[in-house]
Amino acid sequence: MKISGYQLFWLIFTMEFGMTATYSLSSAAFVAKQDAWISIIVATLICLFTTFVAVRLSLLYPEQTFIQYSQSILGKWLGKIILVPYFLMWVSVTGIILREYADYVIAALFSSTPLWIVILIMLGAIVYVTYSGGLRSISRCSEIIGPISVLSAILVILLSAKDWNWLRLLPVYSNSGLLPIVKGGLSPASFLAESFMVVMLIAFMTKPERALVSSLAGVAAASFAVLAMTLFIIMVLGPNLPAKFIYPMYSVVTYISVMEFIQNVDVLTVLIWIIGIFIKASLYFFITSYGTAQLFHIKKWKHTVWWIAPVVFVISLLPRNTNETMNFVKFWRDVIFPVNLVGIPLLLWIIGSIRKKYMLK
Amino acid sequence: MKHRPTAFLFLILCIALTTGCWDREELSDRVFDLAASTDLNKDGTYLTAGQFIIPSRIEQSSKGGTGGEKPYFIETGSGKSPLEAIQKARQKLSRIITRSHRRNYYIGEDLAKHGIKDMLDAFSRDPGNRIRMDIWVVKGNTGLEALQVPYPLEKVPAVASLKIHKAVGGTSGTSYLDFMIASSTEGSCPTLPVVDIVQGDSSQRTIRFYGRAIFNHDYKLAGYLNFVEGAYRQWILKRISYLDVEENIPEAGGSVGVIVTNFGSKLKSRISSENKVKMEIELSGVGHVSENNTNLDLRGQKNLKLVQNTINKKTSEHVLEMVTKVQKQYGADVLGFNEALNRQHPREWNKIKGQWDTIFQDIKVTVNVKVNLKSVGLVGPPLQFKEGDINK
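Residue numbers (the working numbering), protein chains in the order written: chain A, 1 to 361; chain B, 1 to 392.
Note that these hints are calculated values from the structure, not bench results. Here a beta-carbon is modelled for each residue, glycine too, at the ideal position from N, C-alpha and C. Errors might be hidden in some of the hints.
Across the chosen pairs, the derived CB separations fall in these ranges [as the list claims (entries may be wrong)]: (1) Asp244(B) with Lys330(A): 52 to 58 Å; (2) Pro5(B) with Pro114(A): 23 to 29 Å; (3) Ala161(A) with Leu13(B): 48 to 54 Å; (4) Gly343(A) with Gly44(B): 54 to 60 Å; (5) Asp244(B) with Ala161(A): 27 to 33 Å; (6) Thr322(A) with Ser78(B): 29 to 35 Å; (7) Asn165(A) with Gly254(B): 57 to 63 Å.
Work out the full structure, taking the sequences as your base and the hints as a guide.
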């Protein structure tokens, strides 16, 4: 299981773009109004920083995964304790992503298909790709279907061009202000910061020295795509409506009509979304399985797949309605994002760097 | 590789589960409505109606056979809310209603006056609906009546109003979203396009594009702008692609008609320290002369200038009349003045936005139309004049 820098780029881009564009824009627009695009830029800057920290942290021990070097940095027991929130996060987020996927698919396409069938089919695909080749299969998938989501995004933007109204972006800044813009950036940032998962991926790279460029480029490209989507949503829906839609990207695409002929292209957004979900959930699933095996020193990591899949499935069925899934998104933004994705990595990086310097002396 | 048989089994299962519909809803179980309407009954309940396609008759009429049978039928239902009314209609329908092709929604005048607050939400909440659609107010009549009027050019009459709107230079499919954007913007009042039903020269009644309906902040009908006034308003908002302008030229004893295209519009706002707002409207366009009932030879630069200046001056006056009517009579900002002020003077806007409705009525407006006559058509002076009568 080795991946190249190019594959890492597509992995990060694909898993970040679809979900950030679908889920985080509504709450960004809620506080920042027509300046939501500035919020996206703020989020990008935050996440380029967190990604930088995560990569530098991993490069302290380029041969090891997060599971191993957290113990090298903090010692055996403390290192294991600090992994607990991460395992909780990985298992729960995989389940919630599956549920978000099912909610969206049921809202957009199949209204009367049972929830568990939709989840089970996606979970089947995820288990299959993880079990058959692990990270290598997932990264090959992202290499092939990632560009498809880029093409769909470009198509959506081009088709909507005649409905753009640039004036809707104005006035810049004065209707919101600094605090709302930064606040609006938190939600997209909490999604984009999921690039933190590189801490588990860099150990598999053939050339770890390329990790920094690939990850930062992946985050930047995904952010740029999200930025384009945000601009287009505001230019079509105006400053107030995007916040009221649950999936503004989907709703705005149903509005597209080119020459009364090209219509109902909302399937393109479903495509972007499903591709993003598949890669992201597979990555989390792989990380959880592989991490569990490393933590408990299980020789054949693939065996853990059969334990984790049912757990994930049950978690995905726990939320009673769409609002509870949304609550997890809020919990992710308010708790997991600052602690797991920003705080602990920064701390580990500082301690690790000091330790390395000290050891060298 | 020993897992291959399991993988194959799994894939086959996937094909079985994912490629078909979970529960069979074939085309023969669906009915498509192309237009619907809601009215207010006398007892305060809602009456909804839909114009549903009869697929077998659509095929017949496309084969050339007239058959004499309409390819659609209308079904109605009444209830306390629009949803309940639809439910009543469904009791008479053997198929499930599919709305994704619906383009037009008619609202009777009584309901528009009563307020349409209660019926707007479902259009965007229910994923079966498209937000690209037009809502029409039927002036002086009911929505049901608008559905019932036959229209000879289109197979299904419901398409007519939308196509008329487009053919006269308007927009199509944007009125619902525009209504929502205006309602959710501080200071703006929403509008909807209007049709009415008229007795044509033949015995048949027909549907006519009337203009624009202005709503107040409570989503109640405040009044109408007629076709030309509505077009002027669309010009200010740059939402128009075609307009005929005909003005009398007193110096030449006749009128000149011009087709205007390539519309442009600029709003320049100024605000004084006492919150007095001034708005300068600058409208531009490219004109092509299509009718000349004067004795002017339009090849002469002087004559063309005269025509151009007169048309611009008179159109400016008419636009100003429309703006004044909107300000004084309706007191509803449907002209985008609030947005212009917000863009151009954001700080002042934040202070005065709460009192915009009163400020709007006292805005001092100047209108400056600048249509540039680019071509005079195929002839200089009218052909019928003798040499001596032509004013070169």
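Can you list which hints this structure breaks, lowest number first?
3, 7
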